[in-house]
Amino acid sequence: MAQTRILLGVIGRPHGVRGLVRVVSYADDPASLVAYGPLSDDKGRRLRLAWRGDGIAAVTLLSDAGPVAVADRDAAAALVNTRLYVERDRLPPPDEDEYYVTDLIGLAAEDEAGRPLGRIRAVHDYGAGVSLEIAADGAPPLLVPFTRAAVPSVDLAAGHVRVHPPRVLAATEDAPTDAATVSLAEDAA
Amino acid sequence: MARSVWKGPFVDGYLLNKADAARASGRNEIIRIWSRRSTILPQFVGLTFGVYNGHKFLPVQVTENMVGHKFGEFSPTRTFSGHAADRKAKRG
Numbered sequence: 001m002a003q004t005r006i007l008l009g010v011i012g013r014p015h016g017v018r019g020l021v022r023v024v025s026y027a028d029d030p031a032s033l034v035a036y037g038p039l040s041d042d043k044g045r046r047l048r049l050a051w052r053g054d055g056i057a058a059v060t061l062l063s064d065a066g067p068v069a070v071a072d073r074d075a076a077a078a079l080v081n082t083r084l085y086v087e088r089d090r091l092p093p094p095d096e097d098e099y100y101v102t103d104l105i106g107l108a109a110e111d112e113a114g115r116p117l118g119r120i121r122a123v124h125d126y127g128a129g130v131s132l133e134i135a136a137d138g139a140p141p142l143l144v145p146f147t148r149a150a151v152p153s154v155d156l157a158a159g160h161v162r163v164h165p166p167r168v169l170a171a172t173e174d175a176p177t178d179a180a181t182v183s184l185a186e187d188a189a
Numbered sequence: 001m002a003r004s005v006w007k008g009p010f011v012d013g014y015l016l017n018k019a020d021a022a023r024a025s026g027r028n029e030i031i032r033i034w035s036r037r038s039t040i041l042p043q044f045v046g047l048t049f050g051v052y053n054g055h056k057f058l059p060v061q062v063t064e065n066m067v068g069h070k071f072g073e074f075s076p077t078r079t080f081s082g083h084a085a086d087r088k089a090k091r092g
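Protein chains in written order, with the numbering used here: chain L, 1 to 189; chain C, 1 to 92.
Hints in this document: simulated from the structure, not taken from any laboratory. One or more hints might be untrue.
As the list claims (entries may be wrong) - Cβ-Cβ distance ranges computed for the label pairs, FRET-style:
(1) C:V5 / L:A158: 53 to 61 Å
(2) L:D95 / C:A24: 32 to 40 Å
(3) C:V5 / L:T4: 53 to 61 Å
(4) L:R46 / C:P76: 36 to 44 Å
(5) L:P92 / C:G46: 27 to 35 Å
These numbers come from a predicted model, not from an experiment. Every residue, glycine too, gets a C-beta built ideally from N, C-alpha and C.
Take the sequences, apply the hints, and build the full model.
What follows is the structure in structure tokens.
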């Protein structure tokens with residue numbers, strides 16, 4: 001369920017009196033926001049940004065009549081909260097076994113027998129590997145690590161992923177009430 | 001204040017048993033734990049834990065770089081996933 005336009009940032013408050021604006025970039029590398037070429041907004045207008053400082057950019061509106069630079073504070077104020085989009089096909093192709101998060105979200109998840117498990121609602125990455133959150137109506141979300149073992153196949157064209165949910169080993173039944181401390185000396189031995 | 005070295009790293013004892021069981025089984029398993037306070041030990045490397053964040057069990061795939069950290073560090077309790085934008089996810 002790939003989107004055709006990707007939200008990459010939003011224009012914030014004006015900066016100074018010469019038409020500069022603050023820009024909040026959602027891009028993985030914030031500075032790469034301008035690397036994708038002209039951006040578009042909700043109204044279909046096309047804009048080009050040029051960085052003038054850390055998070056500060058000059059905006060040029062692109063129209064059939066030609067480019068018009070935003071040159072004063074009032075014009076910059078009119079752009080506040082403008083969302084900046086880029087067409088999905090302008091993003092470079094990812095490496096092998098790498099996927100854009102926006103492509104993964106919304107894909108249908110099936111188990112190995114082809115039974116539906118739900119749809120991918122979120123992709124988490126908190127420094128301990130990527131995991132997929134699969135949500136289905138009336139069921140708690142299923143969280144699976146994004147590994148070859150747990151997600152053997154990803155078919156973006158068909159719009160689904162094949163999931164082999166890992167077996168859950170709950171640590172409740174023999175969880176002691178007290179904690180153990182492992183000594184470094186014992187560990188080394 | 002740092003923990004005294006002579007005490008060794010803290011870990012809830014049952015995690016060691018579960019880790020041993022998961023490693024012995026050799027299967028694709030997630031060990032669900034509530035012990036966010038436990039230190040990640042070298043013998044946990046390669047295993048996947050589901051660490052409770054008060055809401056759900058987030059998968060934590062333990063790697064060598066995580067040894068010495070606590071499980072809770074990798075399962076935030078307050079999350080803002082942000083915008084997908086051009087972020088990429090690599091399949092491990």
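Against the structure, the hints come out as follows:
1. The supplied range of 53 to 61 Å is met by C:V5 and L:A158, whose beta-carbon atoms lie about 55 Å from each other.
2. At roughly 35 Å, the beta-carbon separation of L:D95 and C:A24 lies within the given 32 to 40 Å, and the hint holds.
3. At about 57 Å, the beta-carbon gap between C:V5 and L:T4 stays in the expected band of 53 to 61 Å.
4. In this structure the hint that L:R46 and C:P76 lie 36 to 44 Å apart at CB holds, the actual value being about 38 Å.
5. Remark: the range hint 27 to 35 Å for L:P92 to C:G46 is upheld by a beta-carbon distance near 32 Å.
Consistency with the previously given hints is maintained throughout, with no hint failing.
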